[in-house]
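Participant: Read off the chains here:
Protein chains: 2
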Amino acid sequence: MSTWDMRLRALPGIPMISTGDDIAALICKAAAEDGHQLTDGDVLCVAQKIVSKTEGRIVRLADVTPSPQAEELAQRTGRDPRWCQLVLDESEQVLDLIGRHVVTLDHRGLVDTAGGVDLSNAGIYDEGWACLLPVDPDASARRIRDRIRELTGTTVAVIVTDSLGSPHREGSHGAAIGLAGIVAVEKPPTGDADLYGNPAHGDLNRVDELAGAASALMGQSGAAQPVVLIRGAHYTTGDTGITPLLVRPANTTMER
Amino acid sequence: MSTWDMRLRALPGIPMISTGDDIAALICKAAAEDGHQLTDGDVLCVAQKIVSKTEGRIVRLADVTPSPQAEELAQRTGRDPRWCQLVLDESEQVLDLIGRHVVTLDHRGLVDTAGGVDLSNAGIYDEGWACLLPVDPDASARRIRDRIRELTGTTVAVIVTDSLGSPHREGSHGAAIGLAGIVAVEKPPTGDADLYGNPAHGDLNRVDELAGAASALMGQSGAAQPVVLIRGAHYTTGDTGITPLLVRPANTTMER
Chain A
1 MSTWDMRLRA LPGIPMISTG DDIAALICKA AAEDGHQLTD GDVLCVAQKI
51 VSKTEGRIVR LADVTPSPQA EELAQRTGRD PRWCQLVLDE SEQVLDLIGR
101 HVVTLDHRGL VDTAGGVDLS NAGIYDEGWA CLLPVDPDAS ARRIRDRIRE
151 LTGTTVAVIV TDSLGSPHRE GSHGAAIGLA GIVAVEKPPT GDADLYGNPA
201 HGDLNRVDEL AGAASALMGQ SGAAQPVVLI RGAHYTTGDT GITPLLVRPA
251 NTTMER
Chain B
1 MSTWDMRLRA LPGIPMISTG DDIAALICKA AAEDGHQLTD GDVLCVAQKI
51 VSKTEGRIVR LADVTPSPQA EELAQRTGRD PRWCQLVLDE SEQVLDLIGR
101 HVVTLDHRGL VDTAGGVDLS NAGIYDEGWA CLLPVDPDAS ARRIRDRIRE
151 LTGTTVAVIV TDSLGSPHRE GSHGAAIGLA GIVAVEKPPT GDADLYGNPA
201 HGDLNRVDEL AGAASALMGQ SGAAQPVVLI RGAHYTTGDT GITPLLVRPA
251 NTTMER
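Line order of the protein sequences matches chains A and B. Quick note on UniProt numbering: the first sequence kicks off at 1 and runs consecutively. Quick note on UniProt numbering: the second sequence kicks off at 1 and runs consecutively.
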């Protein structure tokens, strides 16, 4: 490995995850069985879905009673009122409705669709399970990092990833929603200069770049590659959590 | 290599670029000297800056005469009026002013800052050079892909990358501005399903994920790693160009 290389490996051997599973131990086991010894500086990107599952953030729609507001949202979007109730519960504000899509600002400050409430890969549709984001994805990332350090003596960075949309781009892309051991916004080093000696400027959102890279390998749907080990990434270590990355919308088009 | 691996390599040996250089030939040479034989399915991410330079998209500020509108923008932002003129020339609309930053919709449909006009790595500040985006980054990407095919018989995908901001994220991240051989928005395969057999949905913006991954390796400022070879990426081949990815802002806060 050199400063010219970055390698990503989706760890095979991550089993189907249930509430209470020790995700860090499963990652260490999968890495070892795959012939990888975790190393200081490695970045582990972990899909939100399996983090949520270990933390029991799975809800059965049958257990949800929709409020009048949820019924109204269901009318406007053609969605299940119980799903709408979860979306409202998870959101600070509904920002926009685009067809069936509900654009939200969630309690963590993330601008997302449906407050991160996701029906895919949560369980069988007919059984009606929904997956919610971790309550505190930074805390989830820290727990995984700390437990990996406990198990292996190695300090890695952990990024909890999710698929997000962007206002000026079609489709969704992998992005960071929780961080441990890597700063959210990277400042150019003092004295750093461009090729011509001009001072460097501009803050870098490196964590979304790495989350996106991992997401390109994770695949989607049935790929079942929820943990990606990145080796050779250049990043700034630190524990800012995700908040410095998040820009809340200046104007909202819809109040709850 | 397997479906579990993705490898990125910043090609060393890309020289400082001048107008008229055959960038594809330089890439092939750098790859060969680095021990890499380009292979069908490889993705080459090429920094906008060197593409612009080969295409002569470098302007000396001394040659620019600012209009009254540019003088007004300079007053409001504290920037050089000649730079402001270039920004206005490159932009369809000025969307917002945030301190010194000018958020624009450019003629290509990209939402960017300063219409993509960049003073860094264009030349020495004192000499006052600015770098503009390629006139048609898709055409640039196609030229590089076609020339690589001519030189090596290999069909690669080419992504022209730039650093862009996002409204809901601090800092900039690598993103795609021009494409050849890879579709802008990836549709889930018909019949694709999640782990539980539920139908998959949602369009994927894979090209920004790959551009971001490359950007994480390219570094910034003086790193001089403008070409990244990605091997093992999963993507859909095709020639949509960048347009299907671009969402124009629904509401603009400022008219030119």
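Please keep in mind that the hints were generated in silico from the structure rather than gathered at the bench. Using N, Cα and C, we set each Cβ at its ideal position, and we do this for glycine too. Heads up, a few of these hints could be off.
Here are the computed distance ranges between Cβ atoms for each label pair [what the hints assert, rightly or not]: (1) A:GLN75 x B:ASP21: 56 to 66 Å; (2) A:GLU150 x B:ALA139: 33 to 43 Å; (3) B:ARG60 x A:GLN75: 58 to 68 Å; (4) B:ILE98 x A:GLY109: 12 to 22 Å; (5) A:GLU150 x B:GLY20: 53 to 63 Å.
Participant: Would you mind marking each hint as holding or not holding in the structure?
Facilitator: For each hint, the structure was consulted:
In this structure, GLN75 (chain A) and ASP21 (chain B) meet the distance hint of 56 to 66 Å, their C-beta atoms being roughly 60 Å apart. Between GLU150 (chain A) and ALA139 (chain B), the C-beta spacing of about 54 Å breaks the proposed range 33 to 43 Å. Distance hint for ARG60 (chain B) and GLN75 (chain A): a CB-CB separation of about 60 Å, consistent with the stated range 58 to 68 Å. For ILE98 (chain B) paired with GLY109 (chain A), a C-beta distance near 19 Å keeps the hint of 12 to 22 Å intact.
Between GLU150 (chain A) and GLY20 (chain B) the beta carbon distance is about 58 Å. The supplied range of 53 to 63 Å therefore holds.
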